[in-house]
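Number of protein chains: 2
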Amino acid sequence: MTRFALTLEFDGTPFFGLQRQKDGPSVQQSVEEAAFRVLGEEVRLHSAGRTDTGVHALAMRSHIDIAKDIAPFRLMEALNAHLRPEPIAVTRCEVVPDDWHARFSCVGRSYVYRIANRRAPLTLDKNRLWQVPQELDHAAMHEAAQALVGCHDFTTFRSVHCQADSPVKTLDRLDVEREGEEVRVHAAARSFLHHQVRSMVGCLALVGMGRWPIERMAEALAARDRQELGLNAPPHGLYFVAASYPADG
Amino acid sequence: MTRFALTLEFDGTPFFGLQRQKDGPSVQQSVEEAAFRVLGEEVRLHSAGRTDTGVHALAMRSHIDIAKDIAPFRLMEALNAHLRPEPIAVTRCEVVPDDWHARFSCVGRSYVYRIANRRAPLTLDKNRLWQVPQELDHAAMHEAAQALVGCHDFTTFRSVHCQADSPVKTLDRLDVEREGEEVRVHAAARSFLHHQVRSMVGCLALVGMGRWPIERMAEALAARDRQELGLNAPPHGLYFVAASYPADG
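Chains A and B, in that order, give the protein sequences.
Residue 152 in full-length UniProt numbering sits at position 152 of the first sequence, and the numbers go up by one each step.
Residue 25 in full-length UniProt numbering sits at position 25 of the second sequence, and the numbers go up by one each step.
Don't take each hint at face value.
[What the hints assert, rightly or not] If the Cβ cut is set under 8 angstroms, some of the chain A residues that face chain B in the computed set are:
#1 N117
#2 P121
#3 K126
#4 E179
Keep in mind the hints are simulated off the structure, nothing from the lab.
Backbone N, C-alpha and C fix where the C-beta goes; we use that ideal spot for every residue, glycine too.
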């Protein structure tokens, strides 16, 4: 068996998330079925992160084990051909050691959350950004975000369905920047709780609208209580951007 | 009657172009119908440019004349509410003098053409960029483009269906730049012939692929012969970016 690392880009709109679901289409199912058509083998796709319905990926790292002898470039081209017309693309494919695991070897994950801060409905960016009509104070959002950086109990920002053993995570980065009418939130950590990024962004948006004072973010974190969550941002503004591994240098 | 200038953003994918068509949906028809629902008046939308099926607009300038007394902000909000769920948005609305005409007063039009220069199929950017898998030499494309800048007979780059009186136009700008895997072509002129931008971009792509030497662009222009056209780029990479007017300062 040879292990291939795949970098996946996908539009999450038509999927019930990355991981296989009983009740609807998933990125995992599409890739595994494309691989079966290419190779005649049942493969299992493992990925660095799990994503919810509607969440996108620019560079999700995944792997599959294959018995058949095939060159990485040919595998990538064949998978892309068999994935059409679904909005999933393999943008990179390489052979990795057998002990490299897309999920368990991953030591860093980063996301970007994109907000369209405008009154007009979205057209070209529909399902790509969260539209927030109230003017957002991105500097206040950035300041509030810094209270979350570091090692904390993120219970407030955790879905009730989260399966992680512990609510304690170390958030390495939470930066808010504006470019024209777009406000972007960049988040990086070794790993995240379920809904953590969307929950943090939702509360940051309340700060940006002036509905929460900046200090309330630290108070919400300290409360360690899901009831303190102000708002969960919708999934379609969220992008999985990158996964990092020890060998990445 | 009061004349309102509207700035329109739209995703051209589901439309048979901006202008009203007998045989399919158009941006003009959608806006006029939304205005009728808002105002109870039949209005006629006039726009700075005509766009083909699949071509997008970031800021198309248009105008309508309205008998009813309504504030610009309220008109914009009501039009946007009634345009849903169609991918058309009014991003700006203002009262203009009766002799201001979105099409006839316009003295400058600019477009951007977006190319995704990559092998992998597009996912999030499907119908937003033209995917070109062969590596493009954007510096060669930019150099070739300069042969087209200035006042020329653009017959080679003109659709056989073009209704303009003359094939002579002054091209003010044709710049090619790369940002990562995206190659963008910026075009500006007082006005363009039908298919002119797409035809110029198609030939520039041939230069970028190395299938045309740089000099061939000037030769194709000088031939003044549609048969010399190498390639017409597809509509979905094209965006109408801006229209300018004498009073714009």
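Results of checking the hints against the structure:
no., hint, result
1, N117, "13 angstroms, violated"
2, P121, "5 angstroms, holds"
3, K126, "6 angstroms, holds"
4, E179, "14 angstroms, violated"
The structure shown violates the earlier hints numbered 1, 4.
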